[in-house]
Each structure stands twice: as structure tokens, then as C-alpha cells.
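2 protein chains.
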Amino acid sequence: MELRKDPITRSWVVVGHGEDATIPIEPCLLCPDSKPSQTLLALPSDDDWKVRVTPHPVPLYRIEGDVGRAAEGIYDKMRGVGAHEIVIETPHHNRPLSRLSDDEIGLVLEAYKRRIADLKLDSRFKYATALKNQGQAAAADWTHAYSEIVATTFVPRRVLYELRAAKTYFEEKERCVFCDIVRQEERAEKRVVDTQGDYVAFCPYASRVPFEVWILSRKHNFQFESPRPEARRKHLAALLGRTLRRLEQVSDAYHLVLHTSPNTSVHSGEITEYWKTIADDYHWHIEIMPILPKGSRSYALKEVYFNAVLPEESAKYLRILESAL
Amino acid sequence: MELRKDPITRSWVVVGHGEDATIPIEPCLLCPDSKPSQTLLALPSDDDWKVRVTPHPVPLYRIEGDVGRAAEGIYDKMRGVGAHEIVIETPHHNRPLSRLSDDEIGLVLEAYKRRIADLKLDSRFKYATALKNQGQAAAADWTHAYSEIVATTFVPRRVLYELRAAKTYFEEKERCVFCDIVRQEERAEKRVVDTQGDYVAFCPYASRVPFEVWILSRKHNFQFESPRPEARRKHLAALLGRTLRRLEQVSDAYHLVLHTSPNTSVHSGEITEYWKTIADDYHWHIEIMPILPKGSRSYALKEVYFNAVLPEESAKYLRILESAL
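In order, the protein sequences belong to chains A and B. Numbered by my numbering, the letters in the first sequence go through residues 72 to 396 in order. Numbered by my numbering, the letters in the second sequence go through residues 72 to 396 in order.
What the hints contain is simulated information worked out from the structure, not anything from laboratory work. Check each hint, because a few of them may be wrong.
[Stated by the list, open to error] List of simulated lysine-lysine pairs, DSSO-like, C-alpha gap at most 30 Å:
1. A:Lys290 with B:Lys238
2. B:Lys76 with A:Lys261
3. A:Lys244 with B:Lys148
4. B:Lys76 with B:Lys148
5. A:Lys290 with A:Lys261
6. A:Lys261 with A:Lys244
7. B:Lys261 with A:Lys290
8. B:Lys261 with A:Lys76
9. B:Lys148 with A:Lys261
10. B:Lys261 with A:Lys244
11. A:Lys244 with B:Lys238
12. A:Lys76 with B:Lys238
13. A:Lys238 with B:Lys76
The structure displayed is predicted, hence computed values, not measured ones.
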């Protein structure tokens with residue numbers, strides 16, 4: 072397995088990892104009875120955990136070894152080094168994240184934070200984040216509620232584009248584009264789904280799929296893993312829970328991705344010049360992309376997205392769902 | 072329906088076109104008995120056509136009207152203006168493109184060329200290209216062989232990235248990155264699938280999916296619709312046909328997209344500064360992405376692609392298939 076850089080689009084592709092190894096489903100690897108190879112984190116405690124983080128049994132990347140950046144003629148490659156962990160969100164086999172209490176969701180977010188902060192101590196990793204594939208249509212590996220922590224030796228393409236756009240915007244206006252977005256959405260109201268404390272959940276103006284939702288803080292901060300007061304952590308957990316309970320009424324599958332800044336403690340490598348100077352202009356946020364039963368034409372026309380539903384309509388519908396919570 | 076620009080990634084999204092209208096399947100709209108609303112092109116002739124181009128019965132874009140670029144606070148939008156046509160590749164209901172003769176495939180490519188050239192006369196359109204979704208897994212609308220012509224008021228995101236990368240590469244090395252890729256692939260041999268005349272079919276170094284194939288010419292040219300001698304047209308048609316016959320042995324579904332330069336006859340709009348100066352550094356090519364039955368983890372990790380099979384292995388396998396043609 073290795074990482075290869077597309078010389079045209081400059082994105083890294085993981086190639087040659089072979090067919091996905093079969094992940095045993097029965098008995099459930101994520102249930103408390105199952106003994107993981109290693110416990111990376113247990114909250115609140117090892118004996119009586121509500122959230123447990125373990126290495127992924129079939130990792131996409133290998134944790135050991137050097138990055139091994141090398142040229143192959145005009146091409147660039149590196150070894151498939153990275154971290155891939157699973158966050159077991161609850162000991163209960165049949166409870167989805169959306170149905171955990173606010174405190175329990177808070178622990179899941181705390182696990183994200185601690186693992187990301189820990190992985191960023193490793194100077195090989197340029198990026199670390201959390202993501203979640205919920206439901207079969209999102210290619211979830213288990214039915215037991217879990218999310219994933221991934222650390223990579225490169226900054227993923229979409230995050231790079233976001234960083235560049237945020238930097239360009241800041242240079243021109245001396246304001247954060249994400250802060251401006253939150254302000255405009257709150258003023259316009261029509262795409263806002265829900266708020267709690269400083270956090271706002273809304274359907275973005277150029278939503279790529281129906282019912283796409285972003286969760287942002289009104290307070291500017293480039294990295295998710297920054298310490299935040301207890302009250303704000305509770306607000307975020309409560310808003311995330313409510314948003315997921317709304318979304319599960321329109322789809323039982325979604326991708327959730329935390330977008331946070333690159334590893335600013337690393338000071339080497341080809342893209343350092345970008346993110347060393349621009350991480351401050353970034354603004355962490357959560358993106359949730361529901362997968363609707365009806366196939367969209369999204370990927371047909373080379374990455375032009377087609378979204379059948381106006382975000383205003385999506386937000387309106389999601390807001391109405393509140394009464395059903 | 073309108074086009075909205077994502078302020079973060081700068082890509083345009085078509086939103087609010089409502090649920091896809093149902094396309095009548097029976098009787099087949101693409102068969103010769105069916106009378107299309109309008110024939111935009113018929114080859115070799117209207118009376119005895121082998122290839123016919125008509126407006127798409129359920130178009131993604133509307134052909135009439137002004138682009139109507141406007142701001143909505145910090146956001147940008149425009150009307151959903153564009154062209155959407157179907158290229159009926161054969162009068163025969165059950166013959167896939169791969170099973171047409173080289174001459175017939177040549178007519179399909181000729182139809183692409185003429186329609187793209189014609190649409191580029193319309194100064195509203197910044198981009199025009201051809202694409203094909205083959206098979207149910209690729210969300211093909213009909214079983215009757217067809218492809219699509221699409222003209223848009225913006226340059227699609229991936230093409231923009233390609234243009235920028237080609238420009239950067241050229242500025243640094245004074246060589247076309249695509250020309251360099253073809254040279255390196257031919258020298259290395261291991262990812263080359265097939266060649267014919269000046270055309271080379273190969274699995275790209277950083278293939279996003281197993282058995283991804285690109286077809287490029289060794290001769291530098293930025294636009295597909297440039298006139299080319301009869302012999303070269305035959306070579307391209309023959310190579311495309313053979314490549315599709317190889318690919319249909321690994322998958323019955325694929326996306327095929329022609330990547331050609333933007334409309335360089337248009338001299339206005341936000342991105343003019345890019346492509347006016349850089350179209351010359353571009354190099355048209357065809358990208359084919361087969362859809363394999365086994366779901367890949369491609370879109371889970373925010374646009375990091377995971378490709379289970381090395382392109383060398385894909386090319387090797389595809390080359391072996393030659394004997395089965």
C-alpha cells in the first residue's frame with residue numbers, strides 16, 4: 072500500500088491496499104465483552120467506560136514507520152503511514168449516537184478532542200480529525216455506534232481548498248469567511264435549523280445534498296481540540312444530538328466529518344508554507360451529509376453537484392421536525 | 072432552480088431543481104421510431120442516421136435566458152442556464168457503444184466535437200463537454216446507448232484545478248504536465264493498457280478507482296474539438312472501442328468524461344484571467360471511471376480516495392483481457 076499524488080489535481084490517493092479484509096460482525100467487536108487489542112482512551116474510566124477508543128482492526132493506514140516521501144519520475148509518493156482508530160460511542164449495542172444523552176454525546180466529542188490532540192503530537196501527521204459513517208448506505212462497518220479518528224501525513228484536498236479560500240477571503244476583507252457565513256445565516260434565518268448557546272446548525276447556501284447541515288460556532292476558533300468551557304461543550308453536544316435526531320427522520324444514513332485546522336505544531340514538508348500562516352484564518356466546523364435513498368446525479372458530471380432541494384426548504388423541513396423530537 | 076457558489080470551496084452547486092422528473096422508459100425515447108422534439112445533429116444524414124443529437128427531455132439546465140449573476144449577501148448565484156443534450160449513439164436499442172464499429176464510434180466522437188464547437192459559439196457558456204454514464208450503477212437514464220453534451224456558465228471545479236495545475240507546471244518547467252505523463256507512462260510501460268497511432272490508454276499513477284483509464288494523445292492539443300486528420304480520428308475511435316471492451320469485462324458500469332479546455336472565445340467573467348492565459352497549457356483527454364460492485368470507501372474520508380488495486384495491476388489485468396476481445 073502506498074500514497075500517490077495525482078500530479079493534476081494534487082490530491083493524494085491511497086492505492087494498492089488490496090481488497091478490504093473482512094471485518095467480523097458476530098460477535099460484535101465493539102461490545103464491552105469483546106477485548107480490544109489496545110485501549111487508547113476510555114471515558115470516564117477504564118472500568119466503567121461509556122466511550123472507548125481502540126485501534127481500527129482493519130486500518131486504512133499503518134501507524135509504524137517513516138513517511139518515506141519519494142519521487143517516481145515526475146510523480147510523488149509516500150508510504151501509507153497514518154493512524155486509524157475507532158471511537159466506540161456507547162457500550163450498548165443498539166443505541167445510535169443520536170439517542171445518547173447530551174452528557175454521553177459530550178463524552179464522544181471529548182474523545183475526539185483528546186485523540187486529535189494526542190495524534191497532533193506526532194510530527195509525521197499533518198492532519199487529524201474525526202468522522203462518522205452512519206448506516207449501511209454510508210458504508211458503516213458495524214451497526215454498533217462508532218466513529219473514526221484518522222491522522223494522515225497530508226492535508227485532505229477539501230480541507231486544503233477551505234484553508235486557501237479562508238486565507239484569500241481574510242486577506243481581502245480582514246474577516247473570517249466562516250464568521251461571515253454564520254452572521255449572514257443568522258440574519259437571514261431561512262437556512263438556520265437550530266441553535267444552542269454559541270452554536271448554530273444550518274443548511275449551507277450551496278448545499279451539495281438535500282438536508283446537508285453544518286454546525287459552526289459564532290466564536291472564531293481554528294481548531295476543534297482547543298479547550299472550551301464546560302457550558303459550551305454541553306451546548307455543542309445538545310445541538311449535535313438534536314440535529315442528528317432531526318436528520319434521522321429524513322435518512323438513516325449520513326457522513327459526518329469534523330473539519331479542523333491542520334497540525335500547526337509540525338514545521339516541515341511541502342505544504343507548510345500554506346497552513347503555518349493560514350490556520351488562524353480557519354474556523355472549525357462539523358459537516359453532515361445525509362444519504363438519501365434516491366440516487367442523486369452528484370458524481371456524474373465531474374464534481375458538479377446537483378441538489379434537488381433548496382437549502383431553505385431543507386432547513387424549513389428540518390425545523391418543523393423539532394416537534395417530533 | 073439556480074446555481075450557487077460554495078464560498079469555501081468555490082464550486083458551483085445546482086440547487087432546487089426539485090425531484091428528477093420521471094423519464095418515460097417504454098417505448099424507448101431514443102429509438103428511431105420515437106420523434107424527438109428537435110434534432111440538433113444527425114450523422115451521417117437525417118434520413119439514415121447512425122448518431123442523432125437531441126435536447127435532453129429532462130434537462131439539468133435551461134437553454135434560454137441570461138446568466139443573471141448576482142450577489143446574495145456574501146454569496147454568489149446565477150440562473151440555471153446551460154445546455155443539456157443527448158447523443159443517441161446508435162439506432163439499435165441493444166447495442167452498447169463498446170460494440171459499435173470503429174466507424175460508428177468515430178461518428179459518436181464527431182458528434183461530440185461538432186456539438187461542443189457549436190455550443191462554444193454561445194458566449195454565455197464557459198465550458199462545454201461530453202460525458203457518458205453507462206449502466207445502472209452509473210445512474211444511466213436509458214438502456215439504449217447514449218451520451219450527454221453539457222454546456223455550463225462556469226468551468227467545473229475539477230477542470231479548474233487541472234487548468235491551474237497545468238499552468239503552474241508549465242511555468243516551472245516549460246513543459247505540459249500531460250505530455251510529461253504520457254512520456255513517462257510509455258517509458259515505464261507498466262500502466263499502459265493499449266495504444267493506437269498517437270493515442271495511449273493507461274491507468275493513471277494515482278488512479279482513484281480500480282481500472283480507471285485515461286486516453287491521451289501524445290500530440291499536445293488543448294481542445295478536443297480541434298480539427299484532426301481522418302487517420303487520427305480512426306485511431307482514437309479504435310482505441311476507445313477496444314478500451315471499453317476491456318473494461319466491460321471488469322464492470323458493466325462506468326462514467327466517461329471528456330476533459331477539454333474552457334471556451335476561450337469568451338472574454339468576460341470572473342475566471343477569464345485564468346483560462347485566457349492557460350488554455351494553451353492544457354491537454355484534452357478522456358477519463359473513464361468504472362464502477363465496481365464492491366463499494367469502495369472513496370467518499371467516506373472527505374475526498375481522500377481509497378483505491379484497493381494498484382494501477383499497475385489494473386493495467387496488467389486489462390492488457391491480459393486483450394486476448395478475449
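Okay, the hints, checked on the actual structure:
At most 30 Å may separate the alpha-carbon atoms for a hinted pair to count; lysine 290 of chain A and lysine 238 of chain B exceed this at roughly 38 Å. For the proposed pair lysine 76 of chain B and lysine 261 of chain A, the alpha carbon gap of about 18 Å is at most 30 Å, so the pair holds. Proposed proximity of lysine 244 of chain A and lysine 148 of chain B is supported: the alpha carbons are some 20 Å apart, at most 30 Å. At roughly 6 Å between alpha-carbon atoms, lysine 76 of chain B and lysine 148 of chain B fall within 30 Å of each other, so this suggested pair holds.
With a C-alpha separation of about 21 Å, the suggested pairing of lysine 290 of chain A with lysine 261 of chain A holds against the 30 Å cut-off. Annotation: proposed proximity of lysine 261 of chain A to lysine 244 of chain A holds, straight-line Cα distance about 25 Å (limit 30 Å). Between lysine 261 of chain B and lysine 290 of chain A, the direct Cα distance comes to roughly 52 Å. Violation of the 30 Å bound is thereby established for this hinted pair. Pair hint lysine 261 of chain B plus lysine 76 of chain A holds up; C-alpha atoms about 18 Å apart against a cutoff of 30 Å.
A threshold of 30 Å between alpha carbons decides the hint, and for lysine 148 of chain B with lysine 261 of chain A the separation of about 17 Å falls inside it, so the pair holds. With a C-alpha separation of about 50 Å, the suggested pairing of lysine 261 of chain B with lysine 244 of chain A is violated against the 30 Å cut-off. For the proposed pair lysine 244 of chain A and lysine 238 of chain B, the alpha carbon gap of about 27 Å is at most 30 Å, so the pair holds. Between lysine 76 of chain A and lysine 238 of chain B, the direct Cα distance comes to roughly 17 Å. Compliance with the 30 Å bound is thereby established for this hinted pair.
Distance check on the hinted pair: lysine 238 of chain A and lysine 76 of chain B sit about 17 Å apart at the alpha-carbon level, within 30 Å; holds.
Consistency with the previously given hints fails for numbers 1, 7, 10, ordered from lowest to highest.
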